Structure formats: C-alpha cells, structure tokens
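A.B. asks: This is what each chain is made of:
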Amino acid sequence: MHQVRLDCGPFTVGISSSDENLLATLEYFYSHSRCQDGSSFLDYMIRIDRPRGLRRWLRPQALFSIDGMRPFEPHPAENAFPLYEWGLNWCIATSAHRYLMLHAGTVAFGDRALIMPGTPGSGKSTLTAALHLRGARLLSDEFGLVRPEVGDLLPMPRGIPLKNASIEAILEFDRAAPLGPTYPRTRKGRVRHLRPSTESQRRQHEPARPHWLVFPKYQTGADEILKPMDKSEAFRQLALNCFNYRLLGETSFRAVAQLIREMDCYTFTFSDLERAAPLLAALSQAPIERETDRA
Amino acid sequence: MNLLNRLLWNPAVVRQWDDEDWNRFLPLVRNARLLGRCLALFEQHELLDCVPSRLLDQLRGALAQTRYVQVQALRELRQVASILARDDIPLMALKGVAYLVASLPPSGWRNLSDIDLLVRERDIERAEQALKNAGWVPSGEFDAYDQHYYRDWMHEVPPMVHLQRKIEVDLHHNLAPPVSRIRIDAALLWDDSFELADASGRSVRILGPADMLLHNAVHLFMNDELRGGLRDVVDFRDLFEHFSQQAPGFEPQLLVRAQALGCGRALYYAVTTARRLAGLAPSSGFLAQVEHHAPAWPIARFMAWLIEQTLAPQQLGLMRSAFAGQLLFVRSHWVRMPMGLLIRHLLHKGFRKKVRSESADDLPG
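Just so you know, the sequences run in chain order A and B. Note that the working numbering numbers the first sequence so that position 111 is 111, with each residue one more than the last. Whatever position you read off the second sequence (first residue = 1), add 1000 for the working numbering.
Extracted from the complex, chain A is given alone in its bound form (with noise of 0.2 Å):
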C-alpha cells in the first residue's frame, strides 16, 4: 500500500492504493501537485483497492473507499484512474459547501476568469481543454469554486475527461496535447483526459476574479456567434448551473448576483475548435502567451 497527497486547490488528498498503474498515472497527471508539507491536513483520505476474494484475480476490480465506506459499486480495475477522479468529484460536490460550487469549466487569463457553465453535451469540457492549450490557466474544468464572502474563484487544476468524439476533435486542434491512457469502457463512454500545465498546477493557489461569463453550445456546422446576454436571464441560468445553490439558501443567491453584477455575460454557440477558441481569448484583449514548458 502506498499513499501519495496532492494537492487539490483549496483540498489535500491523500491516495492509499497497491495499484502500480494508477499510481503511474496519477505521477503523468499531477507531478506538480504534490503536496510539500509532508504533514498537511488531509481533506478526503481515499484508498483504491482490490476486492477479496476470487475478483482479485479475476477481471479484477477497483474499490473506492472513503471514511470507512465504500459509495461506489466496484468499477473494472483498468478504469481505477476515471474513477478517482469521478469519486473525488463525488466527495467534493457532496461536502464542500463552504463554497458555492458552480458546475462550469473556468479559466483565466492573468487574473482575470472566464466561466463556461454547461450540462453535459454542451462542449465546456472541449471548449476548456482548447483554451488552455492555447495558454489559458486551467482553474477546473467541472468545478467553479466560489468564496462566497469574497467573491473570487479558486482553481482546482485536474485532469480533463475527453469523452468519445471530443477526444479527436481535441487531437486534431493540438497533435501534441499532453493526453493520458485511453479508458475504452467507462460508464460515460471512452474518455482520455488532458493533463493540465505545469504552470496551472504550480499557480492552483492563486484565486482569480470572475470577469466573463460565457454559456456555450455546441452546434454541429454552426458559426461562432457571441451574443450579449440579458443580466437577469444570465443570474437564472447559473443559479441553475450550481451543484449546491437552493443547499445555501441566501448565502448563493448574494454570491450569484455579486457574480452576475461584476461580470460580462454572453452566450456562445460554436462547432470549430480552431475558430471559437482565440474568439474567446479575444474577450481577454491581451496578448496569450504560450507555455514552453508543456511536455
């Protein structure tokens, strides 16, 4: 059993699992997550192992565990990676709620952030990865972390699930994005995921302030159209868009409309990678640079 602890933005976690590919492939993911103080507080212990008994070997199967329990049903053991990072996603949408968390994918330019908010089949996973293969700070690609107080975001720089279709259309905008292994069979289809940048998981504790809010759709052969949207429509969309909004009561509803005053809202419907993604980084107005230090 060996245990490993990253650093999450505002999370620890610690991973206890005996199983030697997972463990390589958390070390592509997040080798510049570790966490330094070998004794921090730990947010969510997580131990990914095998079953007893005959499912040991055969077709063997992950096991995620947390607290003493086991939320999951046993996953095939080759997909122990899709279901980290699933259950981790599990743990934080069902306790962190000393966060407003927004179901979007966020970036930043500088300081500076954009929030695409979207259910799933609308693109914001695609559209995330391509911006930060064109140099943007991935802050998270499921997770808007809001301080409600403050009003800023936190980033929580992870791996981005390509699924199906979206793993190509991704390969074909940057031939050398830094992909890792293929999960043929997951619950959610064949999924790849994106690592993030060294520089976003050195800088993952560097909060940044919410400055466009952008709704994406993914059209088949559409063009890329950014419209202004309506203030009141756009507060409604991403109450909606939250993992925990009716849970906070007032708390959301002063963080949402603090959000919506201080940020440009647009809707975007786009189908080509290649032209929607600078159209976004144009919002920021300021030159991006390209990473040199992606592998």
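FYI, nobody ran anything at the bench for these hints, they're computed from the structure. Hints should not be assumed to be uniformly reliable.
Chain A regions said to be covered by chain B (calculated; three or more residues, Cβ under 8 Å) [unchecked claim]: (1) 96–105; (2) 146–155; (3) 245–254.
Computed far set for chain A versus chain B, every beta-carbon distance over 10 Å [as the list claims (entries may be wrong)]: (4) His2; (5) Gly14; (6) Lys231.
No experiment lies behind these values; they were computed from the predicted model shown. All C-beta atoms in this analysis are idealised placements derived from N, C-alpha and C, irrespective of residue type, glycine included.
The hints should help you fit chain B onto chain A, whose structure is shown.
C.D. replies: Quick look at chain B alone, frame taken from chain A:
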C-alpha cells in the same frame, strides 16, 4: 476509545493534537456523521483557534447541508401532517424530526435522511393509503416477501417517498417489532406524549422525555445493528443532560418508565455506552439502578467489546469491527425475531448484505 470519543469526553484534548491527529479524526467524524456536533463543541468550549481552518471549512459545509435537510424534513412533516389531519389521524414525530419540532439540543447540528413517524396501529393502513393517494410512493422495490416482512413482522410499513421530493417517510405503529422480545404497549406512549404545533400551526405530537430516550435506546441496541451509530449515542447523551437539567427527578422517572415499558435492558446498554464512549455523567445512584438491568457479566463484557469495536474503532475498516458488526447484525435479528422466524428470514435473505450504490447520472464528471 478513538480520537472522537476522547474529544466527546473532554473537548480540550484537541489543544494537543497535531496534523496527523486531525487527519485521523476527520474520517471518524464523517463516518459517525458528527461534524455539526463537533463544530458546536468547539464553539462552546472556545476551541476554534486550535482547529485547522480547512477542517472548520469541512464542518461548516456539513452544517450548511444539515440546515438545508432540516428545512426539508420539517416541510415533509408539514405535508404529511396536513394529509393525515384530513382523516383525523393523530400523528407523532419520532427521533430526528421530533428533536427539530421540539427544538431540542440535537436540532442544532443533527442531520437526517428520513422522517420517522408514529400513528396508532388501527390507523396505519388508512394513513398509508391517504399518503399514497396524495402522491407518496414506495421508496424502493419491495417484493412480496419484503411486504410480508414489513407488514406482518415489523412495526412499520415499507418506507415511502413523495414523487417530487427526496425525504423518506417511515411510518411506524410501535417502537419495536411486534414479534420482538421487547413488547411495548403503544397506548402508554400516546398517553404520555405531548402536543406541539408544527411551523404551520398543525398539531404534531412527540414522545414524553423518558419515552424519547427509551426509543433512542431501543432503536440503537435492539432494532438495528447499531445503524444509528455513535450519533445516536451522542443524541442520547445530549437529551439525557437536557432533560436532567430541566427536571431534577428525571433519572428516577426514566427508571420507572423503562420498567413499565419493558425496556430496562436497552436502557442499560444506552446508559453504559453513552458513559463509556460519549462522556455521559449520570448520578451514581442512577447508575447502580441501571446495573440491575445488565445481562450476566460475560455477556455484558462481550457486548461492551462488540459495541466498542463498532462505535469506537481505532481505525475505520478494521477486520475486527467488520466481524463485530456481523455479530451485532445477527444479534439484532435474534432480539427482534423468535427463532423460527429468524431462521426463515435469514434463509430467505441468504445473509445478503445491502450494498449502497449511488446513481451515476446526477453526478459530475
């Protein structure tokens, strides 16, 4: 005794804790669902400065979630009460939702996932039907055997949930199964109950103080394999202290009532466990009286060991606690079913363990 028990005994111990202690503490407190309780302890004892700020974030996050569920539970109770009022069916709130209605100490932090309700046995079918007519449905798939199990052997109907909401409603007609070794005369419970008004002014009853504690004890030590866990033990301690402060004669009253309802043994387990694992400090006279309800000493010692392995394991996921859990599981069935029934039930279920599984659809990623 683990770190959590030591904290419940004496909150000031945290002054000496280092990061690794806190790291061992967090899984224990999450597993026991006592995050909100511990936050309140830290506040009461002015210990917030000693607690890592990230842990405070976790505790406050959990409390926010609890407050939300509490609002939903009270709303669900209001809905049920309004339906049953139409048919003039008296309704009693039990456990978590009762603490909420009566603003008893656990309401400050206690989470809940269902609401437990009591109606008279003669009303239970009408009550179930009235709820079904108003949009409640069975909360799971219950086959013919499960139906039979609940309706004929247990003290409740299969749990229900309203189609548009998430809180489960457990409708009981007694505090212990009619086939169990503990037979409680439900009429006595109604006689000693109190009437309160819920948030919309509709009448809801709650158990009298002694009955409320005895229900906690019976539920934890006789009905289920300690499923409520350390949280229920802490509820017992908090309620015991609250009622003792309110009425000086509460301890003797509790003993008399336990005798009358035939719950002496459950009271013995609850008091001794709350004392050992959660720092309950009743009077020595009361303790001596409670000891009269103890089983033969080898059994008492063995049960104390089983309870400690389950409720206060040094680490989560130890083989020892799993083994103790299995024994308690068998015991809980042994207590509540006569031998013949027990064999039939266990053969049918084949010792199948319930596996909790989350639906993948409403989760991120």
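A.B. asks: Look at each hint and say if it fits the structure.
C.D. replies: Do the hints match the structure? See the list:
no. : hint    : result
1   : 96–105  : holds (count 5)
2   : 146–155 : violated (count 0)
3   : 245–254 : holds (count 5)
4   : His2    : 17 Å, holds
5   : Gly14   : 8 Å, violated
6   : Lys231  : 26 Å, holds
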